[in-house]
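Undergrad: Position chain B against the provided structure of chain A, taking the given hints into account.
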Amino acid sequence: MGVELSVAVGIAVVVGAYHLLRTLAGRQQSTGDAVSASGHDAPAALLAAAVRLLAADRAEWGRAMLRELEQLESSRVRWRFTLGCVAATVRVGRRRGDPGELIVLATAVGAMSSAGLVAFAFASYPGLRQGTGTWLDLTAFALVLTAYVLTSLVLVRANTSRQVVTRLVLPGGVGIAALPTLLALTLPTARWITVLAMLLVFGAASAAVGVAGARRGRSAAAGRVAALLAAVVAGFAVFLIWVTNTLLTAGRPYDPGLVRDFASSSSHDLATYAVNDNLGSAMMLLLVVPVLVSVIGYAGAALGTRRTSS
Amino acid sequence: MTRTRMPSAQTVSVLAALAADPLQWRYGYELGAELNLKSGSLYPILIRLAERGLLVAEWETGPAGKPARHIYRLTEAGRDAASALAIEKAGRRAIAARRVQLGGA
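As you go down the protein sequences, you meet chains A and B in turn.
Numbering follows numbering that gives the first Met the number 0, with no gaps: position 163 of the first sequence is 162.
Numbering follows numbering that gives the first Met the number 0, with no gaps: position 83 of the second sequence is 82.
If we strip away everything but chain A, and leave its shape as in the complex, we get (with noise of 0.2 Å):
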């Protein structure tokens, strides 16, 4: 774990929240009457973004509560109805059942799952504390799993349920972490040929979710909400199967190179030393899958609306 983690936290951060204003931005409009009508004080402002995260189904009660909000003068009355007004839409966001649900739900237990073990790893392994910029990285972490939660919040509700192919999303996210996990438990390891198994499979899987995501939403947006939903879900799944791996073996098989840098390094247990170096990876491969899945998916989404308009 290190400084390049943050940073890469950083930039990954202000792409996602530059996403994530494109699409609030997107639905403004259907709700913009609502919004001017309710005044524009902190908790107008506050409720009307929170609206504005509601499924199309459910946007009329939104609106319901801002023109509410708009009858009542004093500011703390105000304050008062706007929170529980923004409870109401966290809890009745969609309506029950949705498949949308279930993603928001699953990368919430990603999410908490991947705090659960690396809160074992660090009770486990008190060695882990000492290192330096340590509480950067936890801090960063628990960012990179904030925004993931809230990407999925975001894509599932601001779009209608005919755009995001969410049926498509956990089995593909599922697919695109555990097949190039399987190839490499069957394949001989450290050959290159294995490597390229992984490699090709991977992107041909992520290529998949956004052609298949374009083809049953008839559009390039439903391919992108597609993969952009399943590159978090892959994300997930490949730092829990990583972290999980690397808790039941200790970090294991110390490689010649990972013997050798603990040598130079102030660490006094190899143990510890090789699961910090393997937490560090996980955390890294956090940033980098879903980059990677939503970049090939994009292409695949793409693809997908030209083979459908062919």
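Fair warning: there could be bad hints in the mix.
[To be verified] For the chain A half of the interface with chain B, some residues (derived, Cβ under 7 Å), not all of them:
1. TRP60
2. ALA63
3. GLU67
4. CYS84
5. ALA86
6. ALA87
7. VAL91
8. ARG215
9. ARG217
10. ALA249
11. TYR253
[Stated by the list, open to error] Quick partial rundown of chain A residues pointing at chain B, CB under 8 Å, derived from the structure:
12. GLY83
13. LEU127
14. ARG128
Everything labelled a hint here was simulated from the structure, so no lab data went into it.
For clarity, every value in this text was computed on a predicted model and none was experimentally measured.
For glycine and all other residues, C-beta sits at the position ideal for the given N, C-alpha and C.
TA: Okay, now just chain B, sitting in the frame of chain A:
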């Protein structure tokens, strides 16, 4: 076998308040203030009731210059549900009172 889930006490209170004057249209904030229900609890209840066909929500046509507000009242099915719940509640109270009497005897 299908299990019938009992509505929450808050849902029952919303149904009862709307059933008190079933033809009267009510505003969300006013209803919440009357029942001492926060908006975070009230709106999910209203949404669920509307989706089950127990509540009808409409936009009030306000006077010129005033923005429209959402207004609510029970449907016929909602009125039936509120009556059934009121009868059930009365029956439970009677049973509880009877138990207290028997226990004290």
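Undergrad: So, ARG128/A near chain B? Judge it on the closest CB pair being under 8 Å.
TA: Since chain B brings no Cβ nearer than about 38 Å to ARG128/A, farther than 8 Å, the hint is violated.
Undergrad: Mind checking the CB of TYR253/A against every CB in chain B and telling me if the closest is under 7 Å?
TA: With a minimum Cβ separation of about 53 Å from chain B (threshold 7 Å), the hint on TYR253/A is violated.
Undergrad: Using 8 Å as the Cβ threshold, decide whether GLY83/A counts as touching chain B.
TA: It holds, given that the least Cβ distance between GLY83/A and chain B is near 3 Å, below 8 Å.
Undergrad: Would you check whether GLU67/A satisfies its interface hint, that is, whether its CB is within less than 7 Å of any CB in chain B?
TA: holds, 5 Å
Undergrad: Should the hint that ALA86/A touches chain B count as held when the rule is a Cβ pair under 7 Å?
TA: Holds: closest Cβ of chain B sits about 4 Å from ALA86/A, inside 7 Å.
Undergrad: Mind checking the CB of ALA87/A against every CB in chain B and telling me if the closest is under 7 Å?
TA: Hint on ALA87/A: holds, closest Cβ of chain B at ~4 Å, below 7 Å.
Undergrad: Can you verify the interface hint for CYS84/A: is its Cβ closer than 7 Å to any Cβ in chain B?
TA: holds, 5 Å
Undergrad: Does the nearest C-beta of chain B fall within a distance shorter than 7 Å of the C-beta of ARG217/A?
TA: violated, 28 Å
Undergrad: Under 7 Å is the threshold here; is the Cβ of ARG215/A close enough to any Cβ of chain B for the hint to stand?
TA: Violated, because the Cβ-Cβ distance from ARG215/A to chain B comes to roughly 26 Å (cut-off 7 Å).
Undergrad: Less than 7 Å between beta-carbons is the criterion; does TRP60/A satisfy it with respect to chain B?
TA: holds, 6 Å
Undergrad: Grab the minimum C-beta distance from ALA63/A to chain B and call the hint holds if it beats 7 Å, violated otherwise.
TA: holds, 3 Å
Undergrad: Can the hint on ALA249/A be confirmed by a CB-to-CB distance to chain B that is less than 7 Å?
TA: violated, 46 Å
Of the hints listed earlier, those the structure fails to meet are numbers 8, 9, 10, 11, 13, 14, in rising order.
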